[in-house]
Amino acid sequence: MPEVYIDGERYEFEGKPKLLQFILDQGLEVPYFCYHPSMSIPANCRQCMVKVGQPVRDRETGEFELDENGDRVIRWFPKLQTSCSIDVTDGMVVKTQESDELVRRAQKDNLEFILINHPLDCPICDQAGECPLQIQTYKYGPEGSRFEVKKVHKPKRVQLGPRVVLDAERCINCTRCTRFVDEVSKTHQLTITKRGDSNYPITAPGETFDDPYSLNTVDLCPVGALTSADFRFRARVWEMNQTPSIDITNGKGCNIDLWTRDNLVLRITPRHNPHVNDWWMPDKGREANRLFNENRISRPSVKIDGESQVKSSWNNAIETFVEHIESVKPEEILLIGSPHASVEENYLLTKLGNLMGWGTPHFTPHLNEGSGDGFLITDDQAPNTQGIRLLGLSENDNDQLAKRISDSGISCVIILNDALIDRNVLTEDLFDDTCLIYFGTNENKTSQSADLVFPITCVAEHAASYVNVDGRIQRSFPAKETKYSNRRLNLEMSEGRLDRYGTKFDNWVTEDNKVDCLPAWDLFALIGMRMGLDIEYEMGGREVMDEIGRKVPSFEGVSYEQMDDESGIALNIDSKKVKSKN
Amino acid sequence: MASEWKNFEPVLIPDIANLRNIDVYLDNGGYEALKAVLGSEWTPSSVIGEVKAANIRGRGGAGFNAGLKWSFMPEPDGKPRYLACNGDESEPGTFKDRKLFEFNPHLFIEGALIAAYAMQCTTIYLYIRGEYIDWIHMMDRALQQAYDKGFIGENILGSDFSVDFYTHSGAGAYICGEETSMLESLEGKRGYPRVKPPFPAQNGLWGRPTTINNIETLANVPLVINKGADWFTSIGARNHPGSILYGISGQVNRPGVYELPSGVPILDLIHEVAGGVRNGKKLKAVIPGGSSTPVLRGDKLEGVTMDSDSLREAGSMLGTAGLVVMDEDTDMVDVLWRIAHFYHHESCGQCTPCREGTGWLEKVLLKIKNGEGEIRDLDLLLDVTTQMEGRTICALADAAAWPVRHTINRFRDEFEARCKRSTFATA
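Protein chains in written order, with the numbering used here: chain P, 45 to 626; chain L, 205 to 631.
Honestly, the hints are just simulated from the structure, not real lab data. We put the CB at the ideal spot given by N, CA and C, even for glycine. Incorrect hints may have been included.
Chain L stretches covered by chain P per the calculated footprint, using a threshold of three residues with CB under 8 angstroms from any CB of chain P [what the hints assert, rightly or not]:
# : region
1 : 544-554
2 : 562-569
3 : 588-596
Facing chain L, from chain P, some residues (calculated, C-beta under 10 angstroms) [stated by the list, open to error]:
# : residue
4 : Phe77
5 : Ile160
6 : Gly240
Sample of chain L residues with no beta-carbon within 12 angstroms of chain P, all distances over it, derived [claimed, not checked]:
#  : residue
7  : Asp219
8  : Gly267
9  : Lys486
10 : Gly502
Chain P extracted, bound-state conformation (with noise of 0.2 angstroms):
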């Protein structure tokens, strides 16, 4: 096995790998900027610089040629290297900034350079608290700085397009987002413009920068100079709370993280995986964060002589539930799951029509015809479409759904969180002397016809697992809480960051955006023991997933832990698909 050894120790390695690379996967640390592991290595920020040397070897045997103490002989690069770009070879030895001082003196050097023409605004910067810039300039940088002169002047606040605005002053020309643009979305939309240290990214005179995943150059960008229009000024990185989770705004399922305060998911980043969707993800799922915080259903609704809603109890609700399902025949009612609502809750669906002898419950694929890009965007609009397959859901094209309703003698239509009105599969007539029961997470038509609504968590506020199109099954963790979770008590939720006297910042919480919510686990184990059926489950969404591994043969052994483990699971949905058609 090949070997290199950095700072004195030795590691082995196997391939061509890069030397940065290397040396962040040993867990060891370069300071880099303009380094990304996705992208091409442009080298240009220097900062990477380290001493590497090769042993020398004796021309005819091979051996190594060793000095009078018997250690290698090490012939010196005659110039610092830049590690990022440098290949790992067999016995290559490497001093980082550990254990060399031209090297710590190098990075010092450089980001002296860095510095001198970079407003150190951190205080109003968006970027203070998660800035690679601000992070190693304490670690690695200067005391103080020896440029007494003037520093360039740049545009500030230019709206490159609809979701980026850049600060060209703070801009250190890594160029990781006109990498971004030419080799991961493809649109060519930023470069760099102008010379030497008057130069910064910018669009093409008259364009605007509305490629469908600019807001990655945002998270790429080493500084605060590219910033979101929607998410600046509007927080400071540590009062918030960063959760793993998964984006719902179509099939790709990518995996993200949101980021709350006070309850509230403030912005969404992606997360890497290199299954799904590497370290990039659409800008449209990061507007997600208002379908968290706005028009959520916040306590359940009763139609009133068939008029209009007004709020009622949790106890009311269920009681004119049972009400409406006592009044028709088992047969009259119909089932309607959702590809937008979780596996867990489907099944749960599906286990609660089983047992009251509703039947399967039908869907709607939610699919947008050509609005994929065959990266990360798809056709499907639902991010659980393949999961309600493999649960053995009963689809539906949209007509085949309205006639249903209108035709069979159907009296009473339960939907899971699926706004079937607002994207034209049903219509509101439909439900003209037909009951409809609503279990959903946010105001829409659907919910505004219903007879009965019931609230229940989103994906920010639950445990639960999604499907994406390519038969992957990943799951969320809760970011939110609801009136009846706790931050404190739910060993899932992440943790503040801690202020300097040691108190965690998400500590200062009101009760203000807390909705008033159940996670369908908890409702319909209320609705069961109403009618006398006992399906609790006390660990949630989790306890739920095991007994969908032990039941339903495509999820067979799933559960959270290997999802965890694996950052989701690849299911077989071909395998699936070929059964059916035998």
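Given chain P, put chain L in place with the hints provided.
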């Protein structure tokens, strides 16, 4: 090399009227080398061998053996390979290639064709700086003549060797004279130097094998083919053979481009070739090879000759052999500020040390020039040059740092005289 140079007959720019016309060039033995090379006596590898033996050291400044460079090209694989001719010539004080474009374009064209044959290139690009618009037109005309005579194009002179030849105009960036950023510019991109390795011979224009040569380097090739490597190595200094186009500018009586063997004593060049310092003034300083080469003091030039070894000993470099001569009235602070201004203006901005360092150098020098500097600023400048040197992708940072370091070290008294008295001294 005392005074042999006085008998030297120019070979690159011989004194022949209208040599730029292809008929005149043909009458004077033009394209014979190309015909010979395409004949049965030569093979691509024997051409490379001969050029390597001649030790034509690259005239663009780095001084790398041209034949050796050619031999780095991988074996032909039927796909495109390129020769890129670097006529960007943007180093201040350098104007030698212009002379070739104007007076002997076909010598260069012939040399480029021979090089393309030796390396089996399919296309030749001639990159000329945009400011040379007239010379670009001259080269276009010369290339058209060569096309018309069948020296360029399909099956040149009945052989199975075919090559195309294009001119490409720069757009005013010094950095595009750096070989890899010239490739980026040729590809239609922003002129950012590339990280090496991979070297252009492996991964050049559009990812294909590419060799980059200076115009003057290529112009020497037909002479080597016609007269042999031994003839070439007998001219001038042993380690840097051949004739050189010396571009002499500044405060001399007869500035201009002079073709002489390498290794001419620098004082002979100034006093005899260029007619001495203007108005009988004393010589103060000389930049020997374009603005990035360290300046030499006029009182330390005795015995220094224009070849790489002697200049290295004297503390400078041959560079492009563009001499800038300065007389006793020259303000070295001004000179250095102007040079620093140039590099600040021309830094491409890719690497941090160069992008930030060049601006810092200029701003501090401006402060000193305006009499607002302090002596500690001089030490700061020297520190900044150390921080820049050797830490960037291309050599522009070095080119910006060297003049600052060496000018301050060699003329420190002048800089100190311009600085404010230290506050400690007055207290």
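The hints, checked one at a time:
{"no.": "1", "hint": "544-554", "verdict": "holds (count 7)"}
{"no.": "2", "hint": "562-569", "verdict": "holds (count 5)"}
{"no.": "3", "hint": "588-596", "verdict": "holds (count 4)"}
{"no.": "4", "hint": "Phe77", "verdict": "8 angstroms, holds"}
{"no.": "5", "hint": "Ile160", "verdict": "5 angstroms, holds"}
{"no.": "6", "hint": "Gly240", "verdict": "4 angstroms, holds"}
{"no.": "7", "hint": "Asp219", "verdict": "41 angstroms, holds"}
{"no.": "8", "hint": "Gly267", "verdict": "17 angstroms, holds"}
{"no.": "9", "hint": "Lys486", "verdict": "34 angstroms, holds"}
{"no.": "10", "hint": "Gly502", "verdict": "32 angstroms, holds"}
In summary, the structure agrees with every hint in the numbered list given earlier.
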